[in-house]
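Residue numbers (numbering that gives the first Met the number 0), protein chains in the order written: chain Z, 0 to 355; chain G, 0 to 355.
The set of hints was computed from the structure by calculation and includes no laboratory data. Note that CB positions come from ideal geometry on N, CA and C, so glycine has one too. Some hints here could point you the wrong way.
[As the list claims (entries may be wrong)] Facing chain G, according to a computed beta carbon distance under 7 Å, are these residues of chain Z, among others:
1) A4
2) S6
3) D111
4) S112
5) V254
6) A259
7) N260
8) S273
9) D274
10) R287
11) N328
12) I354
13) W355
2 protein chains.
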Amino acid sequence: METFAASLDTPSVVVDMDLVRANIRRFQAYADANGFKVRPHIKTHKLPLVTDMQLAAGAIGITCQKVSEAEAMVAGSPAVTDVLITYNIVGERKLARLAALARKVRLSVVADSAAVVDGLSAAFADAPPPLRVLVECDTGASRCGVASPEDAAALAMRIAAAPGLAFCGLMTYPPAGGEAAVQAFMTRAKALIEAEGLTVPAISSGGTPTMMHAAEAPVVTEYRPGTYVYNDRSLVARGACGWDDCALTVLATVVSVPTANRAIIDAGSKTLTSDLFGLTGYGHVLGRDDLAIDQLSEEHGRLVSTGPINLAVGDRLRIVPNHACVVTNMVDEVYLVSAGEPTPRAVPVVARGRIW
Amino acid sequence: METFAASLDTPSVVVDMDLVRANIRRFQAYADANGFKVRPHIKTHKLPLVTDMQLAAGAIGITCQKVSEAEAMVAGSPAVTDVLITYNIVGERKLARLAALARKVRLSVVADSAAVVDGLSAAFADAPPPLRVLVECDTGASRCGVASPEDAAALAMRIAAAPGLAFCGLMTYPPAGGEAAVQAFMTRAKALIEAEGLTVPAISSGGTPTMMHAAEAPVVTEYRPGTYVYNDRSLVARGACGWDDCALTVLATVVSVPTANRAIIDAGSKTLTSDLFGLTGYGHVLGRDDLAIDQLSEEHGRLVSTGPINLAVGDRLRIVPNHACVVTNMVDEVYLVSAGEPTPRAVPVVARGRIW
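Kindly generate the complete structure, drawing on both the sequences and the hints.
Okay, here's the thing in structure tokens:
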């Protein structure tokens, strides 16, 4: 157990900043070598200081999912001057906040329907400069997005014609292994839109699982990885990284060893979350491949082993969670560690719980 | 859609206080009729004002899972004078906080091993009055707890002999349908302990799913329900309540209707959580039995229907989550509504995120 562990109470979320730096550099180098831009999604860290590292490494701006997240990041760092919110903004309250934010930074949003476009236009018609809007496209993930390149072109035209709005490109969240689908959809949509006399300044894709294949969809001009900054068990399971690349871990204490092959830790779903992400079990105990976290309640995690569990009350363990982003959202503070700083540094997760 | 919906942004967690009052009264009446006490677990609401309602209705004190939760509740309400923390407290920092709390209220904790007992004793040996300790027993849930009545008696003797501690009873979290197991384990453990010349002042069981069967284990003197105050989809699925008894709902807005049988709402795992609790899907849309919430990402919930989904961008829905307690923990504020107050009242969830 690393020396920092002794100085922290448990459960605590610990972030290795040396690994964060290496993870940021690796993907920025890949993007630079392949001629596309990086616009990291802040949902993974929710920390202005990590955003600053991403921007310093070459990112062109940031991605947020909600207006309130963007507000927190803009307030938290003067380096944040270019924000894309990859979400349909609906409702008067959110539109008013969006308009206020647009006066502070270069702001873009997405839309996938006439209803969303018309709402944005009503809010920005009398509030120059125009709001930048990208059309969200469904390239196979079956969440939001227009269903076809033809629908994308039609919505692009509606945006271009709408008072207060400027059409600025296309956006998608790709399905697993979906680079070919992204390339085909976006190439066709771009051609249809250009045939109407519009330009397509940006084509934005994203998602850490497929990020090292981003160059296989060369029509994409910018990429929005989020989890890459920390990595997690889901990415190790997909072969996207190794345990040594996982910057975020949960430090936990064994509080009970009721039987020879069962132990209970003080990290449950309030820290690790119930997010399975298609996996079995709720995290990986570093250095203990023989253990499974097979059950969580809110404050208890249950460890089971096939052989003797070889743990005692008071032992401390480090756990790589299934999904780093959702863990960040559970805690008010994370603890930053690095080789150069012997004492963990507590930092508030300023964009935690920003759901509006 | 109720009138309060229009005045709230989404997603928001809404609590119907009329239903809260009815839920509290129903179980208190059952306990009174059957001669046992109620010690509600605050993890479900994390709100001093709901604790005050529970105490006013007849509860003898509260249950918390972590020292930091207890600190928040004691700080939040002068009516909180009797607290049971149903957790093995391990580590110097937590023990120091526990000792400070013991000087403010009548405090009890649990232990299931000599290691935990010895840690408690070391922290309380020189800090009168003695700390009240119950032995946690595993009656079938296979989480924490001593494995047998004989082990319970041995640990009770160790507590009674430990400087700074007072043995005060037995505690369990019962397995589903486990009243007979609770009755058998506790009756045997009590007899063994009394044969050693000790008294067993309290036998504490708990858990909303089985609470209306609590009287089937008459050896139990107090019961610790948590979720009963709000109820949720898991309890409806178990037949413990109906939709009309669910006091906590998530108000969400439709932000996309990409296909004829798919819609996306602005509540994802950051609000509803990924907690499945053995169910399929992530919540129940009130009034729309034909919809399933089949997939969540952090800020998106995907609704699917077999027939036409019949929703439009901007529509608002109320969702009963799978598990109310974990939803409460996601948000900084909840909104209280009641028949007598037309405007929702925002209250901070003061014990949210208290994981220490």
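Checking each numbered hint in turn, tell me which of them this model violates, lowest number first.
1, 2, 6, 7, 10
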